[in-house]
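Taking the hints into account, I'd like the entire structure generated from these sequences.
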Amino acid sequence: MKTRADLFAFLDAHGIAHSTLDHPPVFRVEEGLEIKAALPGGHTKNLFLKDARGQLWLISALGETVIDLKRLHHVIGSGRLSFGPEAMMVETLGVTPGSVTALGLINDTDRRIRFVLDAALAKADPVNFHPLSNNATTALSQDGLRTFLAALGITPMIVDFEAMAVVS
1 MKTRADLFAF LDAHGIAHST LDHPPVFRVE EGLEIKAALP GGHTKNLFLK
51 DARGQLWLIS ALGETVIDLK RLHHVIGSGR LSFGPEAMMV ETLGVTPGSV
101 TALGLINDTD RRIRFVLDAA LAKADPVNFH PLSNNATTAL SQDGLRTFLA
151 ALGITPMIVD FEAMAVVS
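All residue numbers for the sequence shown refer to my numbering, where the first residue is 1 and numbers rise by one.
Hints listed in this document are in silico derivations from the structure and should not be mistaken for laboratory results. As the structure is a prediction and not an experimental result, all values here were calculated from the model. Heads up, a few of these hints could be off.
Pairs of lysine-lysine, DSSO-like flavour, derived with a Cα cap of 27 Å [as the list claims (entries may be wrong)]:
1) 123 - 45
2) 70 - 123
3) 2 - 50
4) 70 - 45
5) 70 - 50
6) 2 - 45
Label pairs and their in silico Cβ distance ranges [unchecked claim]:
7) 19 - 164: 30 to 36 Å
8) 66 - 4: 29 to 35 Å
9) 71 - 10: 32 to 38 Å
10) 111 - 5: 20 to 26 Å
11) 14 - 79: 31 to 37 Å
Idealized CB from N, CA, C, for every residue including glycine.
See the structure below:
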């Protein structure tokens, strides 16, 4: 599994500018409001899910985005969704609950996870994610996020959660 240092080396190797603020661990979107106030851009919530067919999903959305998991499977074409088991989260993303992050996709070398990006988050700049642990926040530009995903060979499914529709 890649470490925070490995992640930063990957970002540097791909010319992706990033800045990181270390802080006390934050486990829920509602926590760390003073940290978020000090950092510009879109702050994220990330959901690690498994569908009824066994497919793994990662959803990255703005923290305030409402996600209706009971309807989402119709929109993204999955089986019914539930939260993924911690062991699978550790195995595929290299993170534990409270630290789920799109940056964990660096550890999904077998590309078992389908990535869904909130349309509102896709417009935010910069975007803020945990760098594989919840005791820091790393900011990337929107272009930097796209470069990161492209370097991993990942094309996100972009979903407008307000309209409950795929936009790309």
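(request) Please name the hints from earlier in the document that this structure breaks, with their numbers sorted from lowest to highest. (result) Structure breaks no hint.
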